[in-house]
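Chemist: Listed here are the chains, written in short residue letters.
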Amino acid sequence: MKVLVAVKRVIDYNVKVRVKPDNTGVDLANVKMAMNPFCEIAVEEAVRLKEKGVATEIVVVSIGPKAAQEQIRTALALGADRGIHIETDEEVQSLQAAKLLKAVVDKEEPKLVILGKQSIDTDNNQTGQMLAALAGMPQGTFASEVVVDGDKVNVTREVDGGLVTVQLNLPAVVTTDLRLNEPRYASLPNIMKAKKKPLDTQSPADLGVDLTPRLTTLKVEAPQTRKAGIKVGSVEELVDKLKNEAKVI
Amino acid sequence: MLEHEGIQAIRDGVRNLCAQYDSAYWRELDARKAFPEAFVAAMTNAGWLAAMIPEAYGGSGLGLTEASVILEEVNRCGGNSGTVHGQMYNMFTLLRHGSEEQKARYLPRLASGELRLQSMGVTEPTTGTDTTQLKTTAVRQGDRYVVNGQKVWISRIQHSDLMILLARTTPRDQVAKKSEGMSIFLVDLRKAIGHGLTVRPIANMVNHETNELFFDNLELPLDCLIGEEGQGFKYILAGLNAERTLIAAECIGDGRWFIERACRYACDRVVFDRPIGKNQGVQFPLAEAHIEIEAADLMRWRACELYDRGEDAGTSANMAKYLAAKASWEAANACLQTYGGFGFANEYDIERKFRETRLYQVAPISTNLILSYVAERTLGLPRSF
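Line by line, the protein sequences give chains P and F. In this text, residue positions in the first sequence follow my numbering: the first is 1, and each later residue adds one. In this text, residue positions in the second sequence follow my numbering: the first is 1001, and each later residue adds one.
In case anyone wonders, no lab produced these hints; they're calculated from the structure. One thing to keep in mind: the hints can contain errors.
[To be verified] Below, computed lysine-lysine pairings styled on DSS-like, alpha-carbon distance capped at 25 Å: (1) F/1278 x P/227; (2) P/50 x P/195; (3) F/1278 x P/16.
Nothing here was measured: the structure is a model prediction, and the numbers come from that model.
Take these sequences, add in the hints, and give me the full structure.
Modeler: Right under this line is the structure:
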């Protein structure tokens, strides 16, 4: 069974993000970039499926600038077999990403597509769902357990009320939640081997996808800094403040 | 210049591993004076300590450049490479001077992590850096060598399987040059300890496993000899340039850790209604330390480049170690000063790293001996000893 995993290059989760002075976006100059953490979980799940003998080939795909090849190499070092880089310096919104991935799905015909549930930069949480719709495939989102069973896959989903397990016919799309697994780190020999694994580069035009954004970003602002709290001396004082100052009770 | 894509992958790989062994891990070990067994096992299993072992023997066949980045990143992440670096440079001695049979027997098992070669026994209580005066002897008796003597500051021996030992095989008055007549041996510690080798741990300022060794008629099979008998001192010296360059990289990692911590604290800590980092009295020492670290880093790259090209890296390696050890110590000082009283509290890790990085101006090789090397070897000044 072939598994396709999509990974995204995002600002490293440790970096304190800075908004550009003109409020058009986030400052990416000289900022450490890394693989989106949910995508790492997606790669790990695919690798585990391969180790179990369920998956036979893992293809990893990333959309983005040339440097996104670093994230593909990371996935290859973790155990993916080959990479596809869709190279573009343009902004890629969820729908365009889903269309590009749909084109890759058409070509590669994977049985299972695993994506992170969202990327930590834009937090849209829609690419997986859009891809499933475009490709006419069933979807299991926010997965905390994935069990392939013949030509079906059982996906346990984390939802507000608890866990829901759905059964999907393969081929299917799965998006990962945090508790699906704990990604491994790459060993040095595997990092070395990853350099020799095939990596194919394509352009959005090769795949017949127009990247023109459908959404316009009006303004990007940093969240308001939290002001220091106060300590109250007694329950009476607290109630008084809630009633007369905050006016919430 | 040397920060190519492959180097970044190594940095990221080591950082990902080190993220599992955070400050709290090292702090807790320091309090217990315990060995970072889990960290060393993880580094070994992920292949990092076999970086320079040739691919034919199961390693990754990388150069000193990459190896230096691995150790730099361990220290950069708040850890202590002193717990693992021995294998990186002890392996050279075996690789360069060992017989085919010795290499085939040990290198693949070092690469797989089955065996550890973390210790080197050179220094003695009465000779220190004046190595040619060493008193430990290995006397050939029939089909074995018999070792007697004493060593000191021998690190990681309780967590190693093998040790490279330097001992005199021909008395000093029977050789033409005092640097001749010494030989190196690969000692199997599992067999030696308790059978002629006694290990006595030395409690010390940092959480560093180091020991005194006593040899009392320790018998070694003849095939423990590495290279030619009598040429051991030369072999040991050949490994030192790599060691010095690696230590320089560790200092650079420390320095960057100190500066990052200090800058973060200087931005967050508010006194007199503003972050202390707004004060130039706080800023300048940090800027100065950063500059020194970056300058030392350039010298480290030069040493790596020369070494990996197979050229003489002696002067560069020594100068890199000198600059980097000084820079990391200045960074440690500036960081502690920025933290003020909090820097002394264990939970901020500054005092631990402060103690750890201080070592590098003393060992391996003290700053004065580097100055002496540069004065006499590089500048051609008359020898003082």
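Chemist: Does each hint hold? Answer for all of them.
Modeler: Hints, verified against the model:
| no. | hint | in the structure |
| --- | --- | --- |
| 1 | F/1278 x P/227 | holds, 20 Å |
| 2 | P/50 x P/195 | holds, 20 Å |
| 3 | F/1278 x P/16 | holds, 19 Å |
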